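Colleague: Sequence:
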Amino acid sequence: MTIIKKLTLIASLLLVIGLIGGVVTLSKVNNAWTTEETVIDDTSFHAIDLTTDNAKIDVLPTTEEQAKIVISGNEQNYTLSSQVRHDILEMKVTDQNRKWFNLFPTSYAITIYLPEKQYESIKVNSNNGTVHVQDLDANIFSAQTKNGDVVVTNMKSASIAATSTNEDILIENIHDATENITGKTTNGDILLTASHVDRNVDLSTVNGDITVTVDTEPTSANITTSVTHGDVTLFNLDTSARIFGGGEHTIQLDTVNGDIMVGK
1 MTIIKKLTLI ASLLLVIGLI GGVVTLSKVN NAWTTEETVI DDTSFHAIDL
51 TTDNAKIDVL PTTEEQAKIV ISGNEQNYTL SSQVRHDILE MKVTDQNRKW
101 FNLFPTSYAI TIYLPEKQYE SIKVNSNNGT VHVQDLDANI FSAQTKNGDV
151 VVTNMKSASI AATSTNEDIL IENIHDATEN ITGKTTNGDI LLTASHVDRN
201 VDLSTVNGDI TVTVDTEPTS ANITTSVTHG DVTLFNLDTS ARIFGGGEHT
251 IQLDTVNGDI MVGK
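Just so you know, we're using the UniProt record's numbering here: the sequence shown kicks off at 1 and counts up by one.
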């Protein structure tokens, strides 16, 4: 390589580095972090439907009578729309900064405070970002994200469904009344903790471990597993399937690359 070509290459690299530095500096200057609170005056809703682009989401209970939405981020980067329609509180937060090149994919954080009551359903759908839901009562609960963990803690629901394309799923301290649990991810571990697994459970991942921790063995359940590369342990036995009692409840656990463990 001639000296001229070397100098040209070095100059090009320095130019690229300078442009990236300028973008980062400009982003820091323009992206002033603010917090916006929105109170939902209408209290007639019995279901929740939240859709976001790129955000960390927390859904928590409150002793207040009204729901509240708290968004932390650059107010120029998002728009919030909310309405109560057909007894459903619909909330949509749209990222205004979605670009083909984005150094800050998770650009804001959302916390939803819901009054303590029983809801017919709670649905959370995020494109990128962790979803965390805790201490709520909903007959049907579902959370979905493409890139981020899904953490469900101390939920009282008949049906719980958690889906992530990349990252882990954690479902813990589930109420005894929960009848159906579904957890699916492509690249990540799945962890389920509950007092028992006398319920229908379907957990699957491609690259990751599945761990189910309970206080007691099931009284009537059929546990079946599928593993391509990994080990399976079901209540201290190295076996891929076990039947307890009459096998009333179906527990299906699948992974391609990873271990499966069910036990105390």
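Treat the hints loosely; a few may be bogus.
What the hints assert, rightly or not - Here are the simulated PhoX-like cross-link-like pairs (lysine-lysine), alpha carbons at most 20 Å apart as the crow flies:
| id | residue 1 | residue 2 |
| --- | --- | --- |
| 1 | Lys-146 | Lys-184 |
| 2 | Lys-92 | Lys-156 |
| 3 | Lys-68 | Lys-92 |
| 4 | Lys-92 | Lys-146 |
| 5 | Lys-146 | Lys-123 |
| 6 | Lys-156 | Lys-117 |
| 7 | Lys-123 | Lys-92 |
| 8 | Lys-68 | Lys-146 |
| 9 | Lys-156 | Lys-123 |
| 10 | Lys-123 | Lys-184 |
Said to hold, decoys possible - So the derived label-pair ranges between C-beta atoms look like this:
| id | residue 1 | residue 2 | range |
| --- | --- | --- | --- |
| 11 | Thr-79 | Asp-176 | 35 to 43 Å |
| 12 | His-86 | Asn-187 | 14 to 22 Å |
| 13 | Glu-248 | Pro-61 | 31 to 39 Å |
| 14 | Asp-259 | Glu-37 | 25 to 33 Å |
| 15 | Glu-37 | Glu-179 | 30 to 38 Å |
No wet-lab data here; the hints were simulated from the structure.
None of these values were measured; they are calculated from a predicted model.
Where is the CB? At the ideal position from N, CA and C, for every residue including glycine.
Colleague: Evaluate each hint against the coordinates.
Modeller: Right, here's what the structure says about each hint:
| no. | hint | verdict |
| --- | --- | --- |
| 1 | Lys-146 / Lys-184 | 11 Å, holds |
| 2 | Lys-92 / Lys-156 | 25 Å, violated |
| 3 | Lys-68 / Lys-92 | 14 Å, holds |
| 4 | Lys-92 / Lys-146 | 17 Å, holds |
| 5 | Lys-146 / Lys-123 | 15 Å, holds |
| 6 | Lys-156 / Lys-117 | 11 Å, holds |
| 7 | Lys-123 / Lys-92 | 12 Å, holds |
| 8 | Lys-68 / Lys-146 | 25 Å, violated |
| 9 | Lys-156 / Lys-123 | 14 Å, holds |
| 10 | Lys-123 / Lys-184 | 16 Å, holds |
| 11 | Thr-79 / Asp-176: 35 to 43 Å | 41 Å, holds |
| 12 | His-86 / Asn-187: 14 to 22 Å | 37 Å, violated |
| 13 | Glu-248 / Pro-61: 31 to 39 Å | 32 Å, holds |
| 14 | Asp-259 / Glu-37: 25 to 33 Å | 44 Å, violated |
| 15 | Glu-37 / Glu-179: 30 to 38 Å | 36 Å, holds |
When each numbered hint is compared with the structure, violations occur for hints 2, 8, 12, 14.
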